Amino acid sequence: MAEALYQREVYGKTLVELGKDHQNIIVLDADLSSSTKTKLFGKAYPERFFNFGVAEQNMMATAAGLASCGKVVFASTFAMFATGRAWDQLRNSVCYNNFNVKLVATHAGVSVGEDGASHQAIEDIALMRSIPNMKIIVPCDGPETKDAVIAALNTPGPFYIRLSRAKVPTIEEKKPFKLGKSCVIKEGNDVSIFACGIMVEQAIKAEEILKKEGISARVINMHTLRPLDEEMIIKCVKETKGLVVCEEHTVVGGLASAIDEVVCENIPTKVIRVGIRNRFGQSGSPAELLKEYNLTGSDIVIAAKKVLSAKGG
Amino acid sequence: MNPQPDIKKLEEQACNIRISIIEMLSKAGSGHPGGSLSCAEVITVLFFHVLRIKPQDPNWPDRDRFHLSKGHSCPVLYAALAERGYFDKKELSNLRRLGALLQGHPDRRTPGIEVASGSLGQGLSVALGMSLAGRIDKKDYRVYCLMGDGEIQEGNIWEAAMACAHYKCDNLCAVLDYNGFQIDGKISEIMALEPLKDKWQAFGWHAVEINGHNIAEIIKAFEEAKTIKGKPTIIIAKTTKGKGVSCMENVVDFHGRAPNETETKQALEDLKKKKSL
Chain A
1 MAEALYQREV
11 YGKTLVELGK
21 DHQNIIVLDA
31 DLSSSTKTKL
41 FGKAYPERFF
51 NFGVAEQNMM
61 ATAAGLASCG
71 KVVFASTFAM
81 FATGRAWDQL
91 RNSVCYNNFN
101 VKLVATHAGV
111 SVGEDGASHQ
121 AIEDIALMRS
131 IPNMKIIVPC
141 DGPETKDAVI
151 AALNTPGPFY
161 IRLSRAKVPT
171 IEEKKPFKLG
181 KSCVIKEGND
191 VSIFACGIMV
201 EQAIKAEEIL
211 KKEGISARVI
221 NMHTLRPLDE
231 EMIIKCVKET
241 KGLVVCEEHT
251 VVGGLASAID
261 EVVCENIPTK
271 VIRVGIRNRF
281 GQSGSPAELL
291 KEYNLTGSDI
301 VIAAKKVLSA
311 KGG
Chain B
1 MNPQPDIKKL
11 EEQACNIRIS
21 IIEMLSKAGS
31 GHPGGSLSCA
41 EVITVLFFHV
51 LRIKPQDPNW
61 PDRDRFHLSK
71 GHSCPVLYAA
81 LAERGYFDKK
91 ELSNLRRLGA
101 LLQGHPDRRT
111 PGIEVASGSL
121 GQGLSVALGM
131 SLAGRIDKKD
141 YRVYCLMGDG
151 EIQEGNIWEA
161 AMACAHYKCD
171 NLCAVLDYNG
181 FQIDGKISEI
191 MALEPLKDKW
201 QAFGWHAVEI
211 NGHNIAEIIK
221 AFEEAKTIKG
231 KPTIIIAKTT
241 KGKGVSCMEN
251 VVDFHGRAPN
261 ETETKQALED
271 LKKKKSL
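Same order as they appear, the protein sequences are chains A and B.
Read in the working numbering, the first sequence has 169 at position 169, and its numbers run on one by one without any break.
Read in the working numbering, the second sequence has 74 at position 74, and its numbers run on one by one without any break.
Bound conformation, chain A alone (with noise of 0.2 angstroms):
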């Protein structure tokens, strides 16, 4: 793994880069682009950047008011408020006209760190993937960041891109991006471990582990939620004898609800789910955070192993 980067830096330089070309994107922000990195844009294209305050409601409708207009909208500010407060202004004005609202929130999952609970968004997945026209790029890296940006600038309709607060490394295992196909990152055929953003990471050191203990793991790149992967789901059904799904999110409703669907209706398996369950985040340093939380490469070794003895494996 290469050189730890900010996604948000990346997305603030990535608009400042597409803003040049592309006359029509506009950027929109809650009082957050310091944090969010829309800053940036704003600096460069003051007369296509709008900051409206403490007020996501309002910035929401209003992108979808632009979007009706011609223009692509890139909406920020943390995942709690981007995808919980004004969520009814994203279904209703936003994806029910199928508008080209880019909503990119940072500081998604419990590694938010010290801010604690209130700003830790470990639902936004669940209310981001129950919403019809609405797609859905959880990065794992800085330059995945910028392939999600461009991707969702390039396809019609709107995006939830969800980034981090910390410094994430950079996966150099990495296929080139494609918008709706995972990437497999190691080669393995005992167990499949699915994983999107920070928790790829952890993905890679659960599969060194396991690789010294003489078990062999596939680990897979999930990085786009909407539209999913399926065909690469049911082959690693097939391939491996089990699944291992991890996200930085409840496992209701993110990227293991979305695997277990697929799975139910194709090719019933077991799928062990790492990820947060029924508890709120909570103040900590992301490193204590993700181990309070069971979502450390450990964690996920000791559900490779538990999905491998109930195939007995």
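Keep in mind the hints are simulated off the structure, nothing from the lab.
Everything numeric in this text was worked out from a predicted model, so none of it was measured.
Ideal placement from N, C-alpha and C gives every residue a C-beta, glycine not left out.
Hints should not be assumed to be uniformly reliable.
Cut-off 20 angstroms, straight-line C-alpha distance, at most; resulting in silico cross-link-like pairs (EDC-like, lysine to aspartate or glutamate) [stated by the list, open to error]:
1. 13/A x 173/A
2. 175/A x 147/A
3. 211/A x 239/A
4. 9/B x 261/B
5. 211/A x 173/A
6. 199/B x 189/B
7. 20/A x 47/A
8. 238/B x 269/B
9. 138/B x 47/A
10. 89/B x 137/B
11. 20/A x 189/B
12. 138/B x 21/A
13. 265/B x 23/B
14. 168/B x 47/A
15. 146/A x 47/A
16. 275/B x 12/B
17. 139/B x 47/A
18. 231/B x 47/A
Covered stretches of chain B, as calculated for chain A (at least 3 residues, CB under 8 angstroms) [to be verified]:
19. 78-90
20. 130-143
For chain A, the structure is supplied; the task is to place chain B on it using the hints.
Using the frame of chain A, we list chain B on its own:
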């Protein structure tokens, strides 16, 4: 804008729109007559006098934008759109049916509908987005947004009110259909709004109070709004819920109930009598 408005003709048009509202709701068997009838004059003035539109080219880039924030009053809008030729009048009799062009609340499948509405409180923000887009694109179109009085109890409206003034949206004109009733009863009893003009002024708006059934006053207010620079305008149009139909005027039950056969007959008689005056 047409230079010389024919007040008499516009009054007659408003009456035709009311007849159309009753007919389509009676046929549909459900819907919202009260708040549709209360803004018939405002919609008539907009669609037959004020708005710069090309019904044959609904997506003309330079068109004025109209957004119905109080989406439940769509029958009045559908009647006006049909009258202006956005779609065949026959569609009015399919209102609220499966697969219909005219949905129970506004949907973009209908020519002339810019943005869906129905969940209250979002429309002023939508209009703000249209207003900002016009400024960025250096277009001279104007943006009109019709809100309900119960609707402005939503917090989102006041977030938008702040932002429209902050961004000095003088190409935006909001209209409040102030009929004094919401589903559960009188506005003043459910959640009082007064002093309303003061509130909007305090939020940085130019506010005008008018009789929302007086065509000449409505026209004058829209003309005044065009001359106001550096701030948005709101026209607070005092209206009567269910206006023009004796059994519906100020009757809260008709916020969201269609007339039955007897009521429909009575309503059409009322309206036709008024038309012949």
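Comparing the hints with the structure gives:
A threshold of 20 angstroms between alpha carbons decides the hint, and for residue 13/A with residue 173/A the separation of about 23 angstroms lies outside it, so the pair is violated. With a CA separation close to 12 angstroms, the supplied pair residue 175/A and residue 147/A stays within the 20 angstroms bound. Of the supplied pair hints, the one linking residue 211/A and residue 239/A holds, its CA atoms being roughly 18 angstroms apart against a limit of 20 angstroms. Using a Cα cut-off of 20 angstroms, the hinted pair residue 9/B and residue 261/B is violated, with the two alpha carbons roughly 29 angstroms apart.
Between the alpha carbons of residue 211/A and residue 173/A the distance comes to roughly 17 angstroms, so the proposed pair stays at or under 20 angstroms and holds. Only pairs whose Cα atoms come within 20 angstroms are accepted, and residue 199/B paired with residue 189/B is accepted, the gap being roughly 19 angstroms. Only pairs whose Cα atoms come within 20 angstroms are accepted, and residue 20/A paired with residue 47/A is accepted, the gap being roughly 13 angstroms. Between residue 238/B and residue 269/B the alpha-carbon distance is near 25 angstroms, which puts this suggested pair outside the 20 angstroms criterion.
As the CA atoms of residue 138/B and residue 47/A are separated by approximately 12 angstroms, the hinted pair is consistent with the 20 angstroms bound. Note on residue 89/B and residue 137/B: the hinted pairing is violated, with a Cα-Cα distance of about 34 angstroms set against a maximum of 20 angstroms. Straight-line distance between C-alpha atoms of residue 20/A and residue 189/B comes to about 54 angstroms, which puts the hinted pair past the 20 angstroms bound. Taken as a hint, the residue 138/B and residue 21/A pair is honoured in the structure, with Cα atoms around 19 angstroms apart against an allowance of 20 angstroms.
For the hint pairing residue 265/B with residue 23/B, the CA-to-CA distance comes to about 10 angstroms; that is within 20 angstroms, so the pair holds. Between the alpha carbons of residue 168/B and residue 47/A the distance comes to roughly 14 angstroms, so the proposed pair stays at or under 20 angstroms and holds. Between residue 146/A and residue 47/A the alpha-carbon distance is near 23 angstroms, which puts this suggested pair outside the 20 angstroms criterion. A hinted pair counts as satisfied when its Cα atoms are at most 20 angstroms apart, and residue 275/B with residue 12/B qualifies at roughly 6 angstroms.
Taking the CA atoms of residue 139/B and residue 47/A, the gap is about 15 angstroms. The hint holds against a cut of 20 angstroms. With a C-alpha separation of about 18 angstroms, the suggested pairing of residue 231/B with residue 47/A holds against the 20 angstroms cut-off. Evaluation of the coverage hint for the stretch 78-90 of chain B: breached, as 0 residues show C-beta separations to chain A shorter than 8 angstroms, against a requirement of three. Given a C-beta distance limit of less than 8 angstroms, the hint that chain A covers the stretch 130-143 of chain B holds, as 7 residues qualify and 3 suffice.
Checked against the numbered hints given earlier, this structure breaks hints 1, 4, 8, 10, 11, 15 and 19; the rest are met.
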